[in-house]
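> Residue strings, one per chain:
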Amino acid sequence: MTWEGAEPSMADLEHELKHLIVEALLLEDVKAEEIDSHAPLFVEGLGLDSIDALELVLAINRKYGVEIKADTEGNKEAFRSLNSLAAFVKELQGNRGEGA
Amino acid sequence: MGRRLRALYLATATGGCFLFFWVGCWLLSWTALPLARLALRNGSTIDRDRLCQDLVGWGFRLFIAFMRWLRTLVFVPGKVEFKFPDGPFVLISNHPTLIDVTAILAVYPRICCVAKTELFHSSWVGRLLRYCGHIEGGSAGPMDGVAVMQQALKRLKRGQPVLIFPEGTRSPDHGLRRFKSGAFEIASRAGVPVVPVYATCEPPTLKKNLSWYGLPKKTACYNLRQLAAPAGDFHAADSRSAAARFQDLYQAEIDAGRRTQTHVDGVPSASTGRRVVS
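Residue numbers (the working numbering), protein chains in the order written: chain A, -6 to 93; chain B, 2 to 279.
Calculated from the structure, these hints are not laboratory results. Don't take each hint at face value.
With a straight-line Cα cutoff of 30 Å, these simulated DSS-like cross-link-like pairs (lysine-lysine) come out [as the list claims (entries may be wrong)]:
1. B:LYS218 to B:LYS158
2. A:LYS69 to A:LYS56
3. B:LYS80 to A:LYS62
4. B:LYS84 to B:LYS117
5. B:LYS158 to A:LYS56
6. B:LYS84 to B:LYS158
7. B:LYS219 to A:LYS62
8. A:LYS56 to A:LYS83
9. B:LYS84 to B:LYS218
10. B:LYS80 to A:LYS83
11. B:LYS117 to A:LYS69
12. B:LYS155 to A:LYS69
13. A:LYS69 to B:LYS158
14. A:LYS83 to A:LYS24
15. B:LYS117 to B:LYS158
16. A:LYS69 to A:LYS83
17. B:LYS84 to A:LYS56
18. A:LYS24 to A:LYS69
19. A:LYS56 to A:LYS24
20. A:LYS24 to A:LYS62
21. B:LYS158 to B:LYS219
22. B:LYS218 to B:LYS80
23. A:LYS62 to B:LYS158
24. A:LYS83 to A:LYS62
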C-alpha cells in the first residue's frame, strides 16, 4: 500500500470515466461535465442500452486493463450510476493488484 | 392492375408471408426439430445444432420461394453464393430489413445468431431458437451485451460461426448506423476471421416499426453478396478501429450503390412496367 498516494482519487476516476463514456459511445449531445455521477446510466438518465453497455465495458477493459464478466458479482449494481461504476472499477483494479 | 389494387394485394400477400413464416416455424418446432434432436440424442451438441440448423435452412428456402411466388419479395439474382472459411468465423452484415437473418440462413444455415430473450420464450419460434443453438440476447439489461459476447465465444470455440449485426439494430434507409465494436472484439478474442456480407433491398421494406400501410407499392428486390474483407490483420488493431475499417467498407458499397441509382441486374419489378401480379 506504499503506492497508494500515486493512485487517482475517486473524483479523478469519475471524471475520467465520464470522458470515457462520451468518447466510447460518441455521445454527441452530452458533455462529460454534464453527466450526473448519481443519475442512472441505463434507460433513464443517460439512456444507454445493452449494446452501449458492451461498448463501455470494452472501453473500460482497454483503458484500465480490467475484465468485466457478465456473471461477476455485483456488476449489475455497478452499472447503475457513474458513481457506482467508478467504485467498481477501483475495486477490480485493487483485486488485480493483489493477484499480481 | 390498378395501383390501389396492387397495394391491397401486396399488403394481403405480405400478411400471408408472415403467417407462413410463424406457422412454419411452429410446425418445424414440433415435428422435424424434436425428431432430429431425438435421433442425435447421443451425438455432440454441434451435430445436433447443425442438423436442426439445416432443417430450418430448408424451411427458410421454402419461405423465400413462397415470397417469390407471391411476388412480395424476390432475390435478385436468384442464386446467392458465399465462399466462407471452413473453420468458425464471425459473419457481419448490415441490417436493412426484417428478413436479413432468414435470408442469410436460407443460403448458409449453419450459423448461430443472436435473438432477444423475449423470442426465446415465444411459443412460435422459442423452441426453434433453442434447438438450433442460437444466442439469447437478453432483454436490455446492462450486462446483456457482455453475456452475448461470452456466449458467442463459446460457439466459436465449439467450431460454430456466429452472425452479428455490428450496427446493433436495423440500418436506416440506404445508410448505416455506427458500427459497434462487439463483433470485432469477439472475432479478435476467438482468433477467427470476420466475414462481411452486404444486403440491399429495393425499395426498402420490412423496416423497423413496420406497418402494413408503409409497405412499398411494388415487389421488393433483395440482394445479398459477400464483400472482400479489408486487407491486413485486424486482430492486431483494437476492435474499435477494426469496427471503423469495416464500416468504411460498407459505406463505400452504399455510396457506390447511390451513384448507380441502386440498380440491380435483371429486375422484373413493377417499376419497369411489367406486371408483377398476374
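> Against this structure, judge whether each hint is valid.
Consistency of the hints with the structure:
1. B:LYS218 to B:LYS158: violated (45 Å)
2. A:LYS69 to A:LYS56: Holds, at roughly 20 Å.
3. B:LYS80 to A:LYS62: Given that 30 Å is the threshold and the Cα spacing comes to 42 Å, the pair is violated.
4. B:LYS84 to B:LYS117: It holds: about 29 Å lies between the C-alpha atoms, which stays within 30 Å.
5. B:LYS158 to A:LYS56: holds (26 Å)
6. B:LYS84 to B:LYS158: Measuring from Cα to Cα gives roughly 21 Å; hence the hint holds.
7. B:LYS219 to A:LYS62: violated (48 Å)
8. A:LYS56 to A:LYS83: Holds. LYS56 (chain A) to LYS83 (chain A) sits at ~13 Å (cutoff 30 Å).
9. B:LYS84 to B:LYS218: violated (34 Å)
10. B:LYS80 to A:LYS83: violated (54 Å)
11. B:LYS117 to A:LYS69: Holds, at about 19 Å.
12. B:LYS155 to A:LYS69: Given pair LYS155 (chain B), LYS69 (chain A) holds - Cα atoms ~22 Å apart, limit 30 Å.
13. A:LYS69 to B:LYS158: Given that 30 Å is the threshold and the Cα spacing comes to 27 Å, the pair holds.
14. A:LYS83 to A:LYS24: Holds: LYS83 (chain A) and LYS24 (chain A) sit about 23 Å apart, inside 30 Å.
15. B:LYS117 to B:LYS158: holds (22 Å)
16. A:LYS69 to A:LYS83: Holds, at roughly 16 Å.
17. B:LYS84 to A:LYS56: Violated: LYS84 (chain B) and LYS56 (chain A) sit about 37 Å apart, past 30 Å.
18. A:LYS24 to A:LYS69: holds (24 Å)
19. A:LYS56 to A:LYS24: holds (20 Å)
20. A:LYS24 to A:LYS62: holds (28 Å)
21. B:LYS158 to B:LYS219: violated (44 Å)
22. B:LYS218 to B:LYS80: holds (25 Å)
23. A:LYS62 to B:LYS158: Roughly 18 Å between the alpha carbons, so the hint for LYS62 (chain A) and LYS158 (chain B) holds.
24. A:LYS83 to A:LYS62: holds (15 Å)
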